[in-house]
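Letter by letter, the chains look like this.
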Amino acid sequence: DVKVTQSSRYLVKRTGEKVFLECVQDMDHENMFWYRQDPGLGLRLIYFSYDVKMKEKGDIPEGYSVSREKKERFSLILESASTNQTSMYLCASSFRRSGELFFGEGSRLTVL
Amino acid sequence: DQQVKQNSPSLSVQEGRISILNCDYTNSMFDYFLWYKKYPAEGPTFLISISSIKDKNEDGRFTVFLNKSAKHLSLHIVPSQPGDSAVYFCAASANSGNTPLVFGKGTRLSVIA
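Chain order of the listed sequences is Z and Y. When the letters of the first sequence are read in order and numbered with this note's numbering, they come out as residues 1 to 112. When the letters of the second sequence are read in order and numbered with this note's numbering, they come out as residues 1 to 113.
It is worth saying that the hints were derived from the structure and are not from the lab. Just to be clear, a hint being listed does not mean it is correct.
[Claimed, not checked] Which residues of chain Z face chain Y? A partial, calculated answer using Cβ under 8 Å: (1) Asp26; (2) Asp28; (3) Gly40; (4) Gly42; (5) Leu43.
Model, not experiment: these values are computed from the prediction. Ideal placement from N, C-alpha and C gives every residue a C-beta, glycine not left out.
Just chain Y, with the same shape it has in the complex:
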């Protein structure tokens, strides 16, 4: 049973517009959420995170929103740039637990110039 779901395998956005990547989770014990970005032939790199005590965290062009009641989080990229084209993975953990991060299947973002 998938605990972290990214239901959109791919997304195309025009350069300069907003990219919104979505993630849903089922485990109510999750209290820490992360987004990773991955280019082909490279390892994933950490992008941004959010704790369940917050509903928003912003870092430059990247903002993550958390809706605990809906068990949903989203990553907003504004404005989108061609260099943002990559696969984005959502991950979650029970921060106070002893279990590894659980990843979604990823969303491939293509930013078109």
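The following block holds chain Z by itself, in its conformation from the complex:
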């Protein structure tokens, strides 16, 4: 079974703090993605990566950066957390670039 593991299920941070969200997949997938889910807004793509050390901006990259140093690991970074970044963050991986996504369980971030 494909397993996508997100390091933290629940985080509470203060405004201005730096936040790291880690994601690891064990299926040797080339492609990895970060989404955020908010009520009424659905799943919005933040960043994605089709290869190690490669990254592409999604629909809402502002305020975020990513790191892909190893194939299995894709990290989302909030340089200076703000309250409007309170959300559920979902990591996913896929075999094909436009194919079926396998999601992690999500990281619920609250910024106070």
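Assemble chain Y onto chain Z, guided by the hints.
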């Protein structure tokens, strides 16, 4: 501009009846469509997909119908069960392309016992 639209934010259905969730798309390049189910505090899980070469795909209680001319797809759940209560996301892609899946905003299904 939203390329994948789920116009019903919520739907309530009696247990045992049919649930029909709808999805419309605008991009004529889309040729692969998926439905995901999401429970609170969990990641979405893949439910069923359909390629544009088909107009129907069935998996147990779940059937997806595709009407290419209308750029419309629907997910039918028969019979609906309380455990089906979740948010359902429609997603689409240009299968031969290099772009990620595009998701709709989701429909919250409540199956009432």
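Hints versus structure:
1. Asp26: violated (15 Å)
2. Asp28: violated (18 Å)
3. Gly40: Check passed: Cβ of Z:Gly40 comes within 7 Å of chain Y, closer than 8 Å.
4. Gly42: holds (4 Å)
5. Leu43: holds (4 Å)
Checked against the numbered hints given earlier, this structure breaks hints 1, 2; the rest are met.
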